[in-house]
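Listed here are the chains, written in short residue letters.
2 protein chains.
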Amino acid sequence: MFIKYKLDKILLMKLETHVAHFTSPLYLESGRILEPYKIAYETYGEINDDASNVILICHALSGSAHAAGKYENETKAGWWDDLIGDGKAIDTTKYFVVSTNVLGSCFGSTSPMDNDYPKQRPFRLKFPVLTIKDMIKAQKQLLSQLGIHHLYAIVGGSMGGMQALQFAVDYPNFADKIISLAATYATQPWTMGFNKVAMEAIRRDPRFDNGNYEKGAFEEEGLDGLAIGRIAGHISYLSPDSMNDKFGRNYVSNDGLFELFGRYEVERYMEYNTNNFSRIFDPLSYLYIVKAINTYNLSRGYDSLYDAISRIKADITLISFKGDYLFFPKEMEHIHQMLQRNQQKSAHYEIDSNYGHDAFLVQIEKFDTIIKDKLEKN
Amino acid sequence: MFIKYKLDKILLMKLETHVAHFTSPLYLESGRILEPYKIAYETYGEINDDASNVILICHALSGSAHAAGKYENETKAGWWDDLIGDGKAIDTTKYFVVSTNVLGSCFGSTSPMDNDYPKQRPFRLKFPVLTIKDMIKAQKQLLSQLGIHHLYAIVGGSMGGMQALQFAVDYPNFADKIISLAATYATQPWTMGFNKVAMEAIRRDPRFDNGNYEKGAFEEEGLDGLAIGRIAGHISYLSPDSMNDKFGRNYVSNDGLFELFGRYEVERYMEYNTNNFSRIFDPLSYLYIVKAINTYNLSRGYDSLYDAISRIKADITLISFKGDYLFFPKEMEHIHQMLQRNQQKSAHYEIDSNYGHDAFLVQIEKFDTIIKDKLEKN
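Heads up: the sequence lines are chains H and D, in that order. Residue 306 in UniProt numbering sits at position 306 of the first sequence, with consecutive numbering throughout. Residue 215 in UniProt numbering sits at position 215 of the second sequence, with consecutive numbering throughout.
Among the hints, a few may not be true.
Since the list gives no way to pick one copy over another, a pair counts as held whenever it fits inside one copy or between any two copies.
[What the hints assert, rightly or not] Cross-link-like lysine to any residue pairs, in silico, SDA-like; alpha carbons within 25 Å at most:
1. K330 x N354
2. K126 x S24
3. K322 x G248
4. K246 x I293
5. K140 x D116
6. K126 x E265
7. K345 x I364
8. K126 x R268
9. K126 x D114
10. K322 x N354
11. K330 x N250
12. K330 x Y251
13. K246 x L305
14. K246 x E365
15. K322 x D241
16. K377 x D81
17. K322 x D352
Rather than coming from a laboratory, the hints here were simulated on the basis of the structure.
With the rest of the complex left out, here is chain H:
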């Protein structure tokens, strides 16, 4: 069997990110066309004979295809390694897991710094605006190329949770189970406000130069605009309570109080994390992905949100976090109520956590059994 052979070959290799190339056009929601394009992905576990054990993992804004395991010489494992692996909730002895890098991201899939065809110059700000619908369409093409035409489950958090839900609405027969964490039915203005800080900070940074910077320009000294935007992001990923627990009012050193730029611990955390991030992440990719988050709205293309949601055939699991200050539990409850009204299969678990939005990444122990159970029961 061709598919099986090809995948086995992949699995024989050491853990690495693969890149699939597509020469057929991808018709985007904007009406524009991306051609050719590529999608980076990783796989964990083995596909079974009838390809009925495939789970797709969708990542958040700054994520990558590297969801689990460690590359050779890597000290830190993939971003959801506590959830995905042998014997873990997403058990790679049972399931064949595919994790892709979203279109637009700088971690291997086609992004604004890739060359336009046929010009062979980076797209930069001429890259087409992407939406969550476009991202999942590209993922579907990748799965198709791998010979996978149906999924057992799709699991994702934050922007990954948006993708999971968008899959459920746009392709109702494609996946049996959808598990969406820390997401919403449509991005609200509160979240757009945080994104606006990043968009303006990047756009107005002279070194961003209207997108005309050279590849690798920020590897040594990150773009300030991206670092500043990321500070706003970090506020929204945490919560008042988690910040109190993590930092309190502690100073880094005794000069915190009477030096203008003397630092509290919370300030040091923001600086450290965002300065590093601005050396790694491409600012154009950040702009395009943030835009995709802003435009996310399950009801677009349908008569109403209810109309969109009533299309869903999959078993839906929604997991929200009490202390999430970016996508609030009531937004997930809104989806759940609509599904319930229509007697569709759904459950909403509001996890008791004060950690904030990032709980979906760091408090795996609070929800991994829910995911394990949902995947194991029929």
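For chain H, the structure is supplied; the task is to place chain D on it using the hints.
Showing chain D alone in chain H's frame:
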């Protein structure tokens, strides 16, 4: 009577901001000295014969001494005009209201762009770090110069509410009544996070030039860093609910969806307000005031918060707002509980509002009767 004469003379003049100059040193909490210094202020109403009807108004981060009334040719009244005036809650037919501009602000009081003495060059980043304690010490000097040695009440919101509480702790016999709105006992890391966006965005803006810009440099084209920081501020002044009500997911124009910088209404609001602000407000003043907010902590200088609060002799009224995402009602409740434990006079009103932090500025009708009653009863 000298005082009365002097104040009457002020009152005969048209509404305007006065500036009081001080040649005696102001000993700051940092150990540094400010000498000379000046405080801008306005007054409304008339002082009575025994000077027992004086109310001090304290403003927030971006406020000024101009709390009420309209200057000649002014279209918009002072920032708390709905609260302060003839027949209003803070009734200027009964009370003599003094409103000062805080030290460090660019609206008339000594600030980083004023000249250092004796060098006669702007302080810029050599301006001493100021604290809320320093601000109220300067206000007390001003009142002294006006011949006012006791206050009937102090009323302030946000950073103004911090000043009101700091007065109550540092000078227990100075005011009979303290009314603090939308404030806290100590600034928490969540709020410092928002302030960090502004501090970094200003500091890293090349036109800020480490504070060495010329006076008026940003009058035509505002400093991007300040505008960006202010976007983060605006998020914290509103709330998820108020943003939904105000903006929803509406676009400014049809290009919102598929243009990278196409705008949602929430984005237009952020741009418009912050670009204007960055032409008016001095970035050095912003840095110093934000630092004063970060260092605000009622317990500093005392053994504990309880020790600080137990010093209070005034009748304390705390007004918080359910939808305040900057200073949460539970922080005010914490103060109230401490006062109650010690049988001190206090009341905490948690106003049912989804507007967010800015409710203290824009939803006057939700709390003006509380203030009126507190001022009128004995």
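message = When the structure is checked against the list of hints, which entries are broken? Sort them ascending.
response = Checked against the structure, no hint fails, so every one of them is satisfied.
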